[in-house]
Amino acid sequence: MTETDLKISQLPEETTPQNADVFAISVDLGSTPTTKKITLANLITAINKPAGSSGQIQFNDAGAFGGSDNLFWDSVNGRLGIGTTGPGYNLDVAGTSIVANFGTDPAVIAVGNVGIVNAFLGGYYTVGGNKSTIYFGQNSYYSGSAWVNPDAGANTSLFLQQGGLFQFYTGGAGSGVGTGRLRLHNSGGLSLGSSDNYLTTDPGAGSMIIAGNVGIGETSPTISDGIGLHLAGKILRIATSKTPATAGAAGNAGEICWDADSLYCCVATNTWKKVAIATW
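Per numbering that gives the first Met the number 0, the very first residue in the sequence shown carries number 0; after that it's consecutive.
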């Protein structure tokens with residue numbers, strides 16, 4: 000039936016149609032036109048009948064009503080779902096989403112608590128380069144974690160892993176995360192270096208592992224052989240005295256201690272030697 004086939008009897012100009020008014024409609028089914036009757040209410044319902052299923056928000060679909068589960072209104076709880084028909088919050092977005100603003104004002108302003116899972120914030124993200132300024136919980140390994148600037152070409156990046164681990168990276172060309180330099184373990188232990196042998200080892204609460212030379216008051220610590228401690232000052236102080244009970248007392252090679260009469264050095268496991276000290 001085309002628009003020209005629809006013929007509704009004319010009413011006087013001053014008469015207002017009512018829902019119960021019956022109109023005659025000529026339907027062209029071929030060579031023999033047929034007249035049907037319909038109330039105004041049913042006619043309006045037929046013309047404006049929504050598409051899709053209950054709860055689907057209507058949209059213009061090429062000049063007709065359209066509906067989809069990707070845009071759903073929960074009228075019972077007053078919630079809007081995007082990508083879900085069971086929104087659990089006032090606005091529930093299932094799947095990847097982006098909030099972008101290239102001006103000077105923030106794209107999102109939140110007052111109160113904000114929960115973020117599998118989201119990318121500020122910048123951009125590509126599958127090949129893993130480029131973004133911040134992202135949270137990118138997959139099952141990173142679930143509950145956060146990356147700051149995990150760009151294959153970035154100079155630095157930070158990784159906060161679920162469970163309390165914090166790690167700092169530099170470089171990253173070709174790897175997407177760079178080289179680990181610092182790791183703060185959930186125990187409170189700190190590891191410094193560029194090798195997993197150091198970074199992945201937790202020294203324990205209040206302890207530190209350093210992969211290279213240590214300078215105290217010295218910006219370029221230099222040791223003649225191996226790795227060591229370079230002090231810019233003139234005095235090394237061991238505040239508490241210790242006297243090994245015997246030459247075979249427990250000790251590790253390289254340990255040094257003192258008491259009022261002697262200096263002690265552990266030269267091998269559980270093997271101590273001493274030298275007497277005196278006033279002058």
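It is possible that part of the hints are untrue.
Simulated crosslink set (DSSO-like; lysine-lysine; CA at most 30 angstroms straight-line) [said to hold, decoys possible]:
| hint | residue 1 | residue 2 |
| --- | --- | --- |
| 1 | K233 | K273 |
| 2 | K273 | K241 |
| 3 | K241 | K272 |
| 4 | K272 | K233 |
Here are the in silico distance ranges between beta carbons for each label pair [stated by the list, open to error]:
| hint | residue 1 | residue 2 | range |
| --- | --- | --- | --- |
| 5 | T169 | G77 | 14 to 22 angstroms |
| 6 | G211 | S186 | 39 to 47 angstroms |
| 7 | Q57 | T169 | 50 to 58 angstroms |
In case anyone wonders, no lab produced these hints; they're calculated from the structure.
Every residue, glycine too, gets a C-beta built ideally from N, C-alpha and C.
**Prompt:** Taking only the CA atoms, is the gap from K272 to K233 under or equal to 30 angstroms?
**Reply:** Holds, at roughly 25 angstroms.
**Message:** I want to verify a distance hint. Is the separation of the beta carbons of Q57 and T169 within 50 to 58 angstroms?
**Reply:** The hint (50 to 58 angstroms, Cβ to Cβ) holds, given that Q57 and T169 are roughly 53 angstroms apart.
**Asked** Is the gap between the beta carbons of T169 and G77 within 14 to 22 angstroms?
**Response** Taking Cβ atoms as reference, T169 and G77 lie about 49 angstroms apart, which means the hint is violated.
**Request:** Starting from K273, check that the Cα of K241 is at most 30 angstroms away, please.
**Result:** Distance of about 12 angstroms is within 30 angstroms: holds.
**Request:** Return holds or violated for the Cβ distance of G211 and S186 against the range 39 to 47 angstroms.
**Result:** This hint is violated: roughly 22 angstroms between Cβ atoms.
**Message:** Please verify whether K233 and K273 have alpha carbons no more than 30 angstroms apart.
**Reply:** Distance ~23 angstroms between K233 and K273 Cα, so the pair holds.
**Item:** Holds or violated: K241 to K272, with C-alpha atoms at most 30 angstroms apart
**Value:** The given pair, whose Cα atoms are some 13 angstroms apart, holds under the 30 angstroms limit.
Taken one by one, the earlier hints fail for this structure at numbers 5 and 6, listed in ascending order.
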